[in-house]
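Asker: If you want the building blocks of each chain, they are given just below.
There are 2 protein chains.
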Amino acid sequence: MSEIAPAEPWLVREVGTPDEQDGALLQGESIFALANGHVGLRGNLEEPHLGGMPGTFLNSLFEERDLHYPEEGYGFPERTQTVVNGPNGKRISLFVDGERFDLRTGEVRRHERVLDLRAGTLTREVEWVSPGGVVVSLRTERLVSFVRPSVAALRYSVRAEAELRVESDLVVDEELPSPREDDPRTSAVLPDPFEPVAHDDDKLVCRTRRSELSVVAAVAHTGAEGTVSSTPELIRWTATGRGEITFEKFLSYHWPADDQVVADRDAAARDGFDTLAAEQRDYLDDFWAGADVEVDGDPDIQQAVRFGLFHVLQAGAQAGLHPIPAKGLTGNGYDGHTLWDTEAYVLRTLTYTHPGCVGPALKWRHNTLGRARDRARELGLDGAAFPWRTIGGPECSGYWPAGTAALHVNADIADAVLRYHAATGDDEFMREAGHELLAETAKLWTSVAYFDDRGVAHIAGVTGPDEYTALMDDNIYTNLMAQQNLRAAGIEPRLADCLSIPYAEGREVHEQAAGFTRLPEWDFTDHDYPLMLSHHYLNLYRKQVVKQADLVLAMMVRPDAFTLDEKRRNFAYYEARTVRDSSLSAPIQAVLAAELGHLRLAHDYLAEAALLDLRGGGESGGDGLHIAACAGAWIALVMGFGGLRDHGGELSFGPRLPPDLKRLAFHLHWRGASMCVTVTRDSVTYTSDGDVTFRHEGREVEVRAGEELKFAIDQLEDLPAPPSPRPPRRHAIWAEGQGEQ
Amino acid sequence: MSEIAPAEPWLVREVGTPDEQDGALLQGESIFALANGHVGLRGNLEEPHLGGMPGTFLNSLFEERDLHYPEEGYGFPERTQTVVNGPNGKRISLFVDGERFDLRTGEVRRHERVLDLRAGTLTREVEWVSPGGVVVSLRTERLVSFVRPSVAALRYSVRAEAELRVESDLVVDEELPSPREDDPRTSAVLPDPFEPVAHDDDKLVCRTRRSELSVVAAVAHTGAEGTVSSTPELIRWTATGRGEITFEKFLSYHWPADDQVVADRDAAARDGFDTLAAEQRDYLDDFWAGADVEVDGDPDIQQAVRFGLFHVLQAGAQAGLHPIPAKGLTGNGYDGHTLWDTEAYVLRTLTYTHPGCVGPALKWRHNTLGRARDRARELGLDGAAFPWRTIGGPECSGYWPAGTAALHVNADIADAVLRYHAATGDDEFMREAGHELLAETAKLWTSVAYFDDRGVAHIAGVTGPDEYTALMDDNIYTNLMAQQNLRAAGIEPRLADCLSIPYAEGREVHEQAAGFTRLPEWDFTDHDYPLMLSHHYLNLYRKQVVKQADLVLAMMVRPDAFTLDEKRRNFAYYEARTVRDSSLSAPIQAVLAAELGHLRLAHDYLAEAALLDLRGGGESGGDGLHIAACAGAWIALVMGFGGLRDHGGELSFGPRLPPDLKRLAFHLHWRGASMCVTVTRDSVTYTSDGDVTFRHEGREVEVRAGEELKFAIDQLEDLPAPPSPRPPRRHAIWAEGQGEQ
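Chains as they are written, first to last, in the UniProt record's numbering: chain A, 1 to 741; chain B, 1 to 741.
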């Protein structure tokens with residue numbers, strides 16, 4: 001039994017032996033994953049452990065597999081791409097007087113793992129008494145270098161009064177557990193995706209069998225003498241000794257395979273673990289200086305928002321011209337696919353906290369434009385139709401009503417382009433990729449939208465963010481985002497102006513889609529969440545039940561399209577119908593709750609988003625962290641309590657604190673400057689290392705470099721939460737682990 | 001090369017060797033299939049022939065197979081049922097001086113097959129010169145007995161100046177060709193579905209491996225001496241001789257396996273082929289006396305409507321308490337499933353032409369009520385939700401937007417119940433099954449429909465007959481049929497009265513579904529039919545393009561719901577948007593075209609329906625005949641030019657002939673009487689063997705038993721066809737085989 005220890009500001013500590021039975025083993029593997037966006041090492045224990053899911057994820061290294069449908073349809077993707085477990089260099093077996101070090105045997109006196117968010121390292125300390133009675137002390141350290149994209153390193157130290165033998169492996173196609181079959185959200189696990197190509201005693205070359213992607217993994221051990229054996233699938237370095245063995249292990253991965261891998265590995269081995277760790281800390285010091293969020297009054301949130309930012313950074317930092325998957329490189333969930341939340345959540349947060357990796361991430365989309373154009377043609381549309389889920393660019397969604405039909409992904413990409421450009425002024429990016437992305441996505445809308453005979457334009461039969469209400473007409477989020485897309489591209493301005501924004505007269509609320517408010521109400525006495533596991537889509541799709549923020553998301557990203565009164569009425573109406581069966585929901589509801597003065601509710605939603613993986617219990621995040629929810633913690637704090645808005649390229653703030661927070665300070669990047677916004681219960685202070693013009697509570701102001709701009713805050717009365725069928729847990733209860741309210 | 005010879009009134013003749021390359025082999029196997037609703041022998045050549053699809057179909061003998069989805073969903077069927085090829089007793093191999101009789105070798109001097117629609121037999125005559133130069137004359141005859149449900153019989157006669165050897169088989173799990181993978185409409189072909197259970201020299205017992213359904217097939221040969229060998233999968237009777245071999249072969253099938261099979265076979269063998277053939281003719285004489293349709297002026301239609309009626313009879317006659325599949329027992333298309341068109345088309349025709357098999361067919365539905373109730377619960381609904389496609393009762397549809405969402409199948413079943421009861425007065429059926437079917441289907445509508453706050457009731461997010469416009473609100477066919485269903489069951493009359501019947505004000509037409517007429521128009525310059533093979537559903541579902549009659553069907557089955565002017569405007573509007581990518585479309589368009597005075601157009605649609613399989617060319621019907629289109633030929637003639645309507649339990653006629661027909665006479669059963677309606681260009685004459693009250697042109701009249709009731713007809717002017725994106729071929733051109741207009 002293990003648990004995540006009480007919150008520490010910069011550390012995530014697990015105490016006890018992670019148990020596969022309660023999901024803590026898988027969950028811990030995700031929480032303690034290390035990655036740099038290019039290479040990811042899942043937080044597997046060094047020794048092979050039944051029930052865990054080994055993961056060495058190399059961004060965009062995938063295998064293909066066929067998709068079969070009971071009833072085929074034109075344009076249904078015929079194959080998909082699935083992330084594979086790359087050559088595993090984390091695996092280290094230990095034998096003590098010939099007995100295997102296995103936590104399921106003997107006695108574990110102490111087992112602790114610590115993820116250091118400033119150091120960027122994972123440390124593990126174990127004190128174990130073998131079945132034979134030998135006391136063993138083990139300490140391992142790990143990092144995946146933010147500075148050297150191809151490199152990971154381990155330090156391993158074991159002490160025991162016994163004969164010790166360590167087998168340190170680099171292994172291809174290790175055995176994987178079978179996937180669950182009872183949940184539509186689980187992913188494929190491909191056995192033996194690689195065929196060996198070449199090997200020697202310090203590197204393995206292999207290739208995925210069908211997608212034919214080559215990878216080379218190189219390994220070096222220093223600090224102890226060992227012997228090496230190798231087969232096409234395994235390099236094993238074996239060291240023996242009495243009393244103590246300590247060594248460092250260096251890994252480098254290149255794909256497609258090239259010779260540079262040796263130089264990278266050798267440089268790392270030569271410089272040593274301590275040097276790599278020092279570089280790592282320097283890199284992270286820089287990151288935190290420009291991105292940290294300080295939260296006084298809620299240690300859990302303080303820890304969680306940093307944990308979230310750290311994992312968002314790990315997902316994106318060195319992704320370069322590759323996608324940022326929904327699970328980052330922490331697990332094989334969603335088959336390793338990238339979905340719309342990369343642009344709508346992850347890049348939103350990275351734009352302000354680590355903008356350097358946002359341009360490449362959007363250029364990756366641009367690099368797949370050819371496929372997106374082809375897909376648009378296949379769908380009978382113009383411009384580009386980006387995939388709902390993919391690794392390399394092709395549409396990999398096997399259920400089109402909640403995949404291909406969610407055309408809003410195209411407007412989300414355009415929105416991310418606009419945001420990135422506004423926040424950085426990166427004109428070169430716009431020339432190389434941004435303008436074309438805007439134009440091609442806008443063209444899509446010109447072909448999918450149409451005018452009725454009253455001159456109103458519509459987008460019919462698409463699916464918005466809410467996957468419980470599919471194939472409706474005039475989804476408000478889609479229409480508002482398409483409108484912005486068209487305007488930004490300067491294409492068919494009349495179409496943009498005429499797009500229907502459905503509004504229910506009598507009820508005086510906007511409609512998530514045309515006719516939504518006239519659909520039958522859901523019977524919320526049913527509490528069997530997620531509803532999709534016990535209710536047919538035929539039942540869900542035409543009821544007033546909302547899986548996740550949709551119209552509420554629209555009110556966050558298009559605040560200009562709603563009056564404050566409308567927002568208030570809309571929020572109350574949809575709050576009563578939203579069940580948050582998606583982790584993408586809570587952060588957005590937090591933002592709007594904060595804006596509308598439901599401050600404790602906002603705090604609770606913030607907690608739901610921020611603590612989901614870290615303290616979610618069960619198997620939440622077992623197949624990889626919810627990276628968008630990690631980004632969502634930042635969104636909830638900065639856009640919620642900081643009131644940051646960025647519509648139309650303008651930066652604005654409207655800070656307000658919930659009753660239980662004393663102070664919130666956040667750093668962000670804006671057009672080359674590093675700003676800090678400090679919110680207390682009675683004031684907000686803006687500082688920056690460069691001049692920045694922005695709006696404070698609607699008024700244009702400027703903070704000058706090195707100066708301080710301070711405003712008093714009127715204490716807002718906390719408005720009670722509107723009725724919800726599934727109120728969030730109180731954040732205090734999360735923290736105390738007392739379960740549901 | 002083979003072709004169907006010019007039309008003969010009672011015969012369907014194929015001349016030439018059917019070629020697998022042009023689809024004629026498969027098509028001929030369907031056209032010449034013999035069946036009685038219980039046992040079906042596909043029209044395979046006796047000798048094994050590469051490229052054909054062997055078929056011995058035993059109603060409801062199916063195997064199960066798993067359905068896999070790229071993305072699973074709650075309530076998606078986990079397995080399906082697939083018709084299997086049962087033990088084949090048609091296979092007879094011939095050797096001439098040791099050379100195999102194979103039409104692909106040697107020289108075929110003559111090859112002719114004749115289906116005799118009055119005799120109920122298939123005769124084949126071949127004159128073949130072997131590669132060795134021997135002239136061989138072969139004649140085979142076949143029947144599947146309408147009188148003895150389990151029995152089929154063959155007579156085989158070969159003459160040649162040579163040593164002859166005949167191997168006559170009963171074979172289980174013969175080799176089958178692979179299915180095509182490029183068309184979503186193709187079916188699974190299960191290899192080796194059976195495991196042997198027992199065998200001796202005159203019967204084989206086997207069992208499907210997974211569904212565990214047992215079958216016993218018994219065989220006997222008479223008329224020649226032979227030797228028999230048997231294995232678990234094959235009984236082979238071998239006869240040799242010089243100059244001539246003639247024998248008769250008798251087959252009997254029982255499933256589940258029982259001992260009665262031997263008695264059935266022995267009785268058939270004792271009575272002999274000629275006796276079986278005489279019984280067959282008597283049975284068919286009775287059938288035709290009460291069901292024949294005479295068409296003067298169009299020999300192709302004359303032949304085709306009898307061909308269609310014959311196959312409808314073959315599909316239903318002895319089906320008993322089993323489903324009538326969409327392909328009857330003529331092929332494995334749609335996996336052998338029964339869909340809504342059984343009730344909406346096939347039972348409609350059978351109700352008036354052979355009512356004795358309609359009650360059992362509906363009792364079969366009643367027998368599956370438990371499963372339908374369970375399915376309704378699974379969908380969150382009350383009452384019964386019958387499957388979109390099934391053999392044994394469970395939902396087997398793997399694409400729910402055009403399957404489970406088509407809830408109208410439930411109202412179609414209710415409609416068939418009402419029609420059958422009105423036409424027969426079978427009150428016992430109503431007590432045993434009918435009333436419960438009406439009540440349970442009506443309950444479904446009470447749970448799926450809901451009231452808006454203006455007091456209008458809606459059924460949202462369902463799919464009507466038109467599969468190119470899925471998951472819309474208030475599909476007019478569904479709502480009108482649900483309304484009738486509710487009223488007939490006497491359940492929630494207010495709901496029935498309040499159901500929305502969508503109407504487009506300005507355009508002054510009814511809407512197929514709410515908002516349909518405001519959807520974008522389809523670009524009909526594309527002629528690549530069927531559209532579903534080259535257009536994504538995302539593109540199709542929200543355009544004004546209609547796969548098949550939907551609103552037009554509603555105007556046929558609910559004539560009371562529309563004024564004549566509305567029908568006229570609606571017909572023109574939807575005619576311009578309907579592409580007839582379903583064979584279910586043309587017969588209904590024929591009916592409405594006739595009613596509205598587009599008489600030549602009606603004739604053309606009649607031809608499209610009637611000639612589809614018989615003269616469709618290509619591979620139309622290769623995997624089984626379109627039994628609903630066979631029924632549709634009758635519908636087009638009798639409901640179109642005869643003007644038969646039966647809404648509300650009243651029989652009515654409004655006869656009119658198209659310019660090219662001189663006379664139409666049709667027989668039908670009504671409440672125990674056998675009526676005949678004879679329409680000429682200037683009069684209609686009603687006769688009956690019992691008193692029948694009905695409406696003629698809206699006026700209530702009565703024909704007394706043995707008397708003649710005659711009315712003059714006003715010659716109607718043929719109105720020009722409204723514009724259509726895909727006008728039907730002219731019937732004259734079908735007949736002349738000159739291809740598209």
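To be clear, the hints were calculated from the coordinates, so they are not data collected in a lab. Please note that the accuracy of each hint is not assured.
One-sided and incomplete, this derived list gives chain A residues near chain B with beta-carbon spacing under 10 Å [said to hold, decoys possible]:
| id | residue |
| --- | --- |
| 1 | Ser397 |
| 2 | Ala402 |
| 3 | Arg518 |
| 4 | Glu521 |
The beta-carbon is built from N, C-alpha and C at its ideal position, and this holds for glycine as well.
Asker: Evaluate each hint against the coordinates.
Answerer: Consistency of the hints with the structure:
| no. | hint | result |
| --- | --- | --- |
| 1 | Ser397 | holds (7 Å) |
| 2 | Ala402 | holds (8 Å) |
| 3 | Arg518 | holds (5 Å) |
| 4 | Glu521 | holds (9 Å) |
In this structure, every one of the numbered hints holds.
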